[in-house]
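Undergrad: Taken in sequence, the protein lines are chains A and B. For the first sequence, the residue numbers in numbering that gives the first Met the number 0 are 0 to 307. For the second sequence, the residue numbers in numbering that gives the first Met the number 0 are 0 to 294.
I should point out that these hints are in silico values taken from the structure, not numbers from a laboratory. Any given hint could turn out to be false.
Restraint-style ranges between C-beta atoms, simulated for each label pair [as the list claims (entries may be wrong)]:
# : chain 1 : residue 1 : chain 2 : residue 2 : range
1 : A       : SER164    : B       : THR213    : 50 to 56 angstroms
2 : B       : PHE76     : A       : GLU120    : 45 to 51 angstroms
3 : B       : GLY210    : A       : ASP194    : 26 to 32 angstroms
4 : B       : ALA46     : A       : ASP194    : 41 to 47 angstroms
5 : A       : PHE51     : B       : PHE141    : 26 to 32 angstroms
6 : A       : GLY77     : B       : THR75     : 33 to 39 angstroms
7 : A       : GLY165    : B       : PRO263    : 39 to 45 angstroms
A few chain A residues that don't get close to chain B, going by computed Cβ distances all over 12 angstroms [what the hints assert, rightly or not]:
#  : residue
8  : ALA156
9  : ALA227
10 : ILE266
Here are some chain B residues pointing at chain A (derived, C-beta under 7 angstroms) [said to hold, decoys possible]:
#  : residue
11 : VAL21
12 : ASP23
13 : ARG30
14 : LEU32
15 : THR34
16 : ARG37
17 : THR99
18 : GLY100
19 : ASP103
20 : VAL104
21 : ARG106
22 : VAL110
23 : THR111
What you are looking at is a predicted structure, and each value in this text was computed from that prediction instead of being measured. Think of the CB as a built atom: it goes at the ideal place given N, C-alpha and C, for glycine as much as any other residue.
Each chain, written out:
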Amino acid sequence: MSDESSVNGESQANEGSPVSEEPSADDDSPTGEPSRAADSTALRAESIVQSFGDVDVLSGVSLSVARREVAAVVGPNGSGKSTLLHVLAGIAAPDSGSVSVEYQRGARRVGYLPQRPAFREGFSARDTLSFYAQLLDGVDSEDVDATLERVGLGDVADRKVGSLSGGMTRLLGLGAAVLGDPSVLVLDEPGSGLDPAMVERLFGIVGDLAADGTAVVVASHELPAVEAHADTVYVLDEGDFLASGSPEVLLADTDTASLSAAFLEIIRAQTGESTVRAGAGRRSSESRVGHRSSESGVAEAEEVPTDE
Amino acid sequence: MSDGSGTADTSETGTERPTAIVQDLFVVATRELRTIVRTPALVALAAAFAVSVVGVAWAGTGGGGGFVPLTLDLLTFVEVLVPLLAVAFGYRSILGDRETGELDVLRTLDVTRIAYVGGVYLGRALALVSLVVGTLLVVGLFVPFLTADIPTFLAINAAADSGIRYVRFVVLSAAFTLVVLAATVGISAATRTVRTAFALATALAVALVLGIDTALVAGLAGGLIADNGLAALLALSPNSAYRGLVLSSAVGVVGGADVAAGEPLLNGFGLLLWWVGSLAVAVWRVWPAVESVAE
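Let's have the full structure, built from the sequences with the hints guiding it.
TA: Below, the structure written as structure tokens:
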């Protein structure tokens, strides 16, 4: 795990990320279970800068995600989450920086679930995935059926896409993303607009996919689900990571009881409204709170307001 | 998106084998064909077009008057309706996938831009050209049955009414259809919202049907366009080029006088320019290239 412990550290926000280190007996999570993050790196993004006109959307963010790891990117609306995911999925080229997928296990390297997936209405769920399967080497109709079962749509495989519920459509999007066993799965707001049961079901599937060896990056506002299923949480605001670490560590660092509360504390600390309790003695070695990247992409620590 | 210097090796753009590109192209084309067949609005539009063409032929002099009169009856009709059909078939072809996010998903499958745009175009073109050609051929079949003087099918005479002339008209109509469909697919690839795409596609149809010709006539009347430059300018308008080619090769001498139809070579080149240019714009604009990692 990372030995980055100081809020005034000079390394990149994600340098020494938990995912890039060899697993060891000490890599236990606070729950006492071995962390899924303790595995080889699957996705590495370094110093990603992205601007649209005069607007800097991403300001030199870096992260790495290991096989079997669920990394969640959380942040306010407009913080740059979708742009970051586009870059990670290879859909957009950053202005500078690099993204690399460092291993391949299936027919494709990256699977992507867009924020509001939709499909051609005249086709069934099976037809839809069959189309994608034909574009992948070595993926056949059996794989399509297995994928439909995997995402829980086996019973509605022949139902027209137009008659699927919003949750089922999202699951079909997940099916399209996981078809061909991608090394890395990039999911943009998979739970947005879904009821809590469907969100839990969807995140459960995501957890299972990670357990099977996929590296997952998910942007989400569903913080309870993120808290339950993510190994690492990156808090993104105004194009930069304010904090990162396991949910348990972020809770401990912010002295809060839920990831939602921790998130608010981190955001408020950033805007100077409140306090992140950043005492070095309390700060876990797994989290970094209050970092801001400089223009060169090297993280610089900000003074975190404190009333202590 | 950005055309920045950053790199991503999550895509294999530009590295696919030609056979894979062709295979992907046909997979995409097949989906486009199936989409059209399963879209009731397009099927209804196609039926309306077919019935209208038959109606025009039947009501006009065509059926009973021979192939050349039929061609002249249908020429304006095709010039007006085919651009409108192309708008309906093409303006959301790529934009629809962009809106639903399927375009982004396809990109993670390493589908190349040529395979995707080519597939979308091929599928839509097969449907639309089949409709136009099929309808025109069916109408053409009326002529031998309704004309008192059975035409000479194999005669090639400047003044003769011939089935071969009508076939030329059908082939040129297919080419015209391919060109205007390419233009609407180009618009679909280049735009990001339905409103913009619809507005541009409609403007294109209006420009093709009325705008360019009206501007040329106004230019001639106002002395802005010299008589000797008219042929080249006509060739720049798909409708004028198509009309010129039909008049020169499928109609020929009407009433003993040559038809002023511009320069066939220039007209053919004009249509080719629109076709290649439109598809090139579509490939260029459908999504930005993401460089392979330089490491």
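Undergrad: Hints numbered earlier in the text: which of these fail when held up against the supplied structure?
TA: Per hint list: 2, 3, 5, 6, 7, 11, 14 and 23 violated.
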